[in-house]
Amino acid sequence: MTMSLGPYASFIVTSYAAAALVVVILIGWIVLDYRSQTERLRELDRSGVTRRSRRSATDTP
Amino acid sequence: MSGLDQGKMQLSGRGVVCVRGGREVFSGLDFDAVAGEAVAVVGRNGSGKTSLLRLIAGLLIPAGGTIALAGGDAELTLPEQCHYLGHRDALKPALSVAENLSFWADFLGGQRSDAAKSLAIVGLDHATHLPAAFLSAGQRRRLSLARLLTVRRPVWLLDEPTTALDVAGQGMFEGLMREHLARGGLIIAATHAPLGIDSRELRIGGAA
Amino acid sequence: MSGLDQGKMQLSGRGVVCVRGGREVFSGLDFDAVAGEAVAVVGRNGSGKTSLLRLIAGLLIPAGGTIALAGGDAELTLPEQCHYLGHRDALKPALSVAENLSFWADFLGGQRSDAAKSLAIVGLDHATHLPAAFLSAGQRRRLSLARLLTVRRPVWLLDEPTTALDVAGQGMFEGLMREHLARGGLIIAATHAPLGIDSRELRIGGAA
Amino acid sequence: MTALSALIRRDIRIALRVGGGALIGVLFFLTVVVLMPFAVGPDLALLSRLGPAILWLGALLASLLTLDRLFMADHEDGSLDLITMSRTPLELACAAKALAHWLAAGLPLIVATPVLGLLLNLDMVATGAVALTLLAGTPALTFTGMIGAALAVTLHRGGLLMAVLVLPLSIPVLIFGVAASQAAIVGPLTFGAPFSILCALSLVSLVIGPFAAAASLRHGLD
Amino acid sequence: MTALSALIRRDIRIALRVGGGALIGVLFFLTVVVLMPFAVGPDLALLSRLGPAILWLGALLASLLTLDRLFMADHEDGSLDLITMSRTPLELACAAKALAHWLAAGLPLIVATPVLGLLLNLDMVATGAVALTLLAGTPALTFTGMIGAALAVTLHRGGLLMAVLVLPLSIPVLIFGVAASQAAIVGPLTFGAPFSILCALSLVSLVIGPFAAAASLRHGLD
Amino acid sequence: MLTCDYQNTMTLIDLANPTRFLALTARVLPWLVAATVILLTIGLYQSALAPDDYQQGATVKIMFIHVPNAWLSMFVWGVMSIASLGTLVWRHPLADVAAKAAAPIGAAFTFLALLTGSLWGRPMWGTYWEWDARLTSVLILFLMYLGLMALWRAVEDPSRAARAAAVLTLVGAINLPIIKFSVDWWNTLHQPASVMRMGGSTLDKSFLIPLLLMAIAFTLLFVTLHLAAMRNEILRRRVRSLQMMQASQKAA
Ligand code: HEM
Ligand SMILES: Nc1ncnc2c1ncn2[C@@H]1O[C@H](COP(=O)(O)OP(=O)(O)OP(=O)(O)O)[C@@H](O)[C@H]1O
Ligand SMILES: Nc1ncnc2c1ncn2[C@@H]1O[C@H](COP(=O)(O)OP(=O)(O)OP(=O)(O)O)[C@@H](O)[C@H]1O
Ligand SMILES: [Mg+2]
Ligand SMILES: [Mg+2]
Chain H
1 MTMSLGPYAS FIVTSYAAAA LVVVILIGWI VLDYRSQTER LRELDRSGVT
51 RRSRRSATDT P
Chain U
1 MSGLDQGKMQ LSGRGVVCVR GGREVFSGLD FDAVAGEAVA VVGRNGSGKT
51 SLLRLIAGLL IPAGGTIALA GGDAELTLPE QCHYLGHRDA LKPALSVAEN
101 LSFWADFLGG QRSDAAKSLA IVGLDHATHL PAAFLSAGQR RRLSLARLLT
151 VRRPVWLLDE PTTALDVAGQ GMFEGLMREH LARGGLIIAA THAPLGIDSR
201 ELRIGGAA
Chain G
1 MSGLDQGKMQ LSGRGVVCVR GGREVFSGLD FDAVAGEAVA VVGRNGSGKT
51 SLLRLIAGLL IPAGGTIALA GGDAELTLPE QCHYLGHRDA LKPALSVAEN
101 LSFWADFLGG QRSDAAKSLA IVGLDHATHL PAAFLSAGQR RRLSLARLLT
151 VRRPVWLLDE PTTALDVAGQ GMFEGLMREH LARGGLIIAA THAPLGIDSR
201 ELRIGGAA
Chain L
1 MTALSALIRR DIRIALRVGG GALIGVLFFL TVVVLMPFAV GPDLALLSRL
51 GPAILWLGAL LASLLTLDRL FMADHEDGSL DLITMSRTPL ELACAAKALA
101 HWLAAGLPLI VATPVLGLLL NLDMVATGAV ALTLLAGTPA LTFTGMIGAA
151 LAVTLHRGGL LMAVLVLPLS IPVLIFGVAA SQAAIVGPLT FGAPFSILCA
201 LSLVSLVIGP FAAAASLRHG LD
Chain P
1 MTALSALIRR DIRIALRVGG GALIGVLFFL TVVVLMPFAV GPDLALLSRL
51 GPAILWLGAL LASLLTLDRL FMADHEDGSL DLITMSRTPL ELACAAKALA
101 HWLAAGLPLI VATPVLGLLL NLDMVATGAV ALTLLAGTPA LTFTGMIGAA
151 LAVTLHRGGL LMAVLVLPLS IPVLIFGVAA SQAAIVGPLT FGAPFSILCA
201 LSLVSLVIGP FAAAASLRHG LD
Chain V
1 MLTCDYQNTM TLIDLANPTR FLALTARVLP WLVAATVILL TIGLYQSALA
51 PDDYQQGATV KIMFIHVPNA WLSMFVWGVM SIASLGTLVW RHPLADVAAK
101 AAAPIGAAFT FLALLTGSLW GRPMWGTYWE WDARLTSVLI LFLMYLGLMA
151 LWRAVEDPSR AARAAAVLTL VGAINLPIIK FSVDWWNTLH QPASVMRMGG
201 STLDKSFLIP LLLMAIAFTL LFVTLHLAAM RNEILRRRVR SLQMMQASQK
251 AA
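Residue numbers (full-length UniProt numbering), protein chains in the order written: chain H, 1 to 61; chain U, 1 to 208; chain G, 1 to 208; chain L, 1 to 222; chain P, 1 to 222; chain V, 1 to 252.
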């Protein structure tokens, strides 16, 4: 599909591209952060640190 | 290199005068310490024990007298051959235990041994990747001790070194001091409590 | 006015829970203290003695339970009827002894007695015009005590009150506490050392 | 009333004694204002055109950067505990402290304005206008800044962080302060409109500042 | 060399971690620069004329006001004792610390300059010129500022006092920094002359700063 | 030893409640992601189909990005303000997690509003930036978002930072009505409200529908990102608590 965006096409494209980029950065940051936190939790688990409220965490239906 | 093997190493002060804040803390102090020997500096609160250690470490400038190390590494000054363990731990809370130790090892330079091994010796191997901010007072002290083990220096200046250490920690630390002396090192320690190893007493400012 | 004469004044806590830095320090604490009585709060380091005093003073907010004063001045809240003597002296080094005391007398308001007389009682009358910066630790403590005498409050919350006081000072302070109790006051004191007057013991966090 | 006036008198006295911070604020103001001509260049016409803006910026920075110890000092020596426990509402005590700070550190800035006006080639009218707007506007700076000072206690951290948090809040004051001065000097707007907004901002901050600061101090208790 | 690079890496790491101050300097820069148009008024022609001066002033304040804890933090936790005793000359250690500070807090300012240039209506050339002069000039700010940071340890007091002491020293940097940027933008002077003076100032401060700071730290031993 | 007693008394208050929240998030998140993707696709498609404006030409397409982001920049601060009330009034442990997680997302939306606005301003007003009341107040909003993020980073104890941030968020909420009504109070360059205003929208349907679709899609995007960021924050605090526990456990 082609659209005619007029004389200011670059402005429109830049706007959409910037929005996409920022959203992708946000998503990337959140996903990477999630990975690193779960990784650290797993590491702590492996080194034998336990939490009292832990059983209730997994038992929640 | 590090002078640990030169049996005749001797630290001596002659007529040392210490002035702080315009007030004379002590004067005419003479002392000697030879390799393999521990000297326990004792005296009342405010008698100048910490000040003496800082004078030796070059962190204070004597108002009179001289302090010199004979038989050490001729190319290094006295402070460069000393480890100073003061009340403040020189730890950065934002860095991990391992980062803190390896920074000092890199920065202080000279003859080194394995940082991970030192951490194991002082009983901090489980906390290697923890930020130093999370350490308790006793654990911080242990981390400081690991610095003395990782970087070799012939002269140890210790200011109330056993503060915050529990009984097991004190035992560990006594072992470390014995080992250091056996390798020809030299210890000057300011203490209120007994040092736990054979030592000569240096009293500042009259009987307590 | 100040409730000192209402014999039935009673401070009580029910099921008090204290949380600091996300960690529970103690929970389910019950206590009572009636007019004319001194309660000595004891316990290990870190068991929460200071925290309890600050909870009563309204400087911490309990995570659970209630603390209330019955029979005091109905128009005033509990903290407004308390004197809190903590580790920090609330003194300004730039102001003189007299200026420091008279500021607190003016600011705290309520029933007052002569500031100069209080200074004489705590043995600071010779230092009236000295800047507080020149005071030794013990003298700073005495100046804080003068605040308790100058402004009347029925409840005294004392955190290790005898720190830095010499023997004569401790004797003086015991006299002051007795007098306060005799007038129908109430004392809650956190101490490691014995309080020196008849008191009931409130232990936090198991045996030491 | 005695309680509040005692607090004000104490704070002013401390600020003016050795070790107090009143002088340093004025010095910083002087330095920043003297710095500007070096940055802008020695164009006198331009300088006098920018004069009000420069003076306002200097005053803004000087009053915000001196504020960070407003509550911190009292917190560190335990005075804040007693102030919190006292029969004086914390909001009023906060307001009194801010007032004392303004008297000890804000007023001297205004007194210094005419001298700096000379340096910036401002005429009498312009200098007067700037001084008047500063008189009406600096209370707003102090009273919004005190929110940051109270946050510094909660955060155990002052300095630049505080300035960064508070600066956006003080932008409206700056806008109308300069606008009023410019109006008085060159027109075409009337002086009255921006000046009354400035006064309104000061009044609003006189209310919001103490409440927000007291709330922050209460929640920072620990 | 390992010693110095270890020191630099440590300081940068601390600045970038939670609790570090690198971000705050940039934010302060942003805020101060955004503040200026409010003071000067929304006259775009004037703003772009003043642009370089505004950016330079912002960078000056941001880099000086973040400097006061450069040595203070190390003094308070005892690190400075060990640094003084070490085999690395204190002058070099000071230089390394200042370099780390510049990398963590100075460079980000330069990176932020283009964005701020847009707000001030500067064109590409002008923005480039300012960024280039900042790149050449901010080391001078950091390395003269470190003298003040060392004095702060001796005086047991940082903050504004330090800024007041150091600001006069940094006036030459400001003058030639702005002059070089203006020359690049409007002429009539050549860019080269003031720019080379700026570089010379940076080089001189690179030498004088560490020596003066080390001397001040040595005499402040206590 | 002293430290070993902590194990018995430590209840990790931070984690008591959020556990349920984590379970909930795990179930809801996939649905939210799907909904966001679908709506965003439809919205973008509708925006592409929208006709050119008779005045603004094709640049009106920027509106479909600009306006939702502008709305969200204010909406997110509103969410943070409510969360701040939760922190200060009810001391709810999830409230500060919500506030902290929202700040970077809000800052991103505000940045996009500023950027797309500038890009729109160039063809419409002939300049990227103008110091007008609407634009400036949004810029201040952006600075305040950054300030809050700096605050969260600069302070190590999260509960302390939470309380300070809450006070600041509430004070900063004053800015929201200023942004909203600045175009009415001061006669400025920027468009007055045409969608959300008293007396109904004045916008043509062919623009209104894609705009509303995009607005809903971006709101869903925010909700999704926010939930995920909150989950991360809870995990981060869990890591922190466990690390502190590790420090005191092993010493015993
Ligand atoms: C950096 C520049 C800009 C900023 C910060 C900005 C900010 C905002 C904000 C905050 C809103 C939401 C206001 C509300 O809900 O009432 C908004 C809406 C809007 N903006 Fe902008 N804007 C900018 C530039 C522009 C430009 C250049 C145009 C077009 C010429 C434009 C057109 C609109 C329109 C049409 C709306 C929707 C108004 C409504 O229907 O309520 N904006 N903008
Ligand atoms: N920074 C300082 N400035 C001025 N005087 C100081 C300073 N530090 C200590 N002093 C003074 O020097 C004297 C000796 O202090 P020093 O710390 O050496 O005593 P100490 O023997 O280590 O005491 P302690 O047993 O309490 O550790 C004391 O009278 C003290 O008041
Ligand atoms: N500001 C604080 N933030 C977080 N936790 C704290 C804070 N102050 C104290 N704590 C913790 O609260 C607990 C109780 O401290 P508190 O000062 O009440 O003990 P204490 O009984 O007075 O001890 P001491 O005998 O040493 O005076 C300790 O575990 C301590 O680590
Ligand atoms: Mg000592
Ligand atoms: Mg205690």
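Read the hints as simulated data drawn from the structure, not as lab findings. Remember, predicted model here, so these are calculated numbers, not experimental data. We put the beta carbon where it would ideally sit given N, CA and C, even for glycine. The reader is advised that the hints may include incorrect statements.
Beta-carbon label-pair distances, calculated as ranges [stated by the list, open to error]:
#1 U:198 / G:182: 52 to 60 Å
#2 L:89 / V:126: 51 to 59 Å
#3 G:137 / P:89: 48 to 56 Å
#4 U:78 / H:43: 29 to 37 Å
#5 V:34 / U:87: 54 to 62 Å
#6 P:111 / V:34: 34 to 42 Å
#7 P:89 / U:12: 51 to 59 Å
#8 U:71 / P:203: 41 to 49 Å
#9 V:126 / P:203: 27 to 35 Å
#10 L:89 / G:117: 25 to 33 Å
#11 P:221 / U:120: 32 to 40 Å
#12 H:43 / G:178: 43 to 51 Å
#13 H:47 / U:78: 21 to 29 Å
A few chain V residues that don't get close to chain L, going by computed Cβ distances all over 12 Å [unchecked claim]:
#14 123
#15 142
#16 243
To spell it out: a stretch of chain L is covered by chain V in this simulated footprint if at least three of its residues, at any positions, have a beta carbon under 8 Å from a beta carbon of chain V; those stretches are [what the hints assert, rightly or not]:
#17 34-42
#18 147-157
#19 168-182
#20 208-220
Violated constraints from the hint list, given by number and in increasing order:
Failing hints, ascending: 3, 4, 7, 9, 12, 13, 15 and 17.
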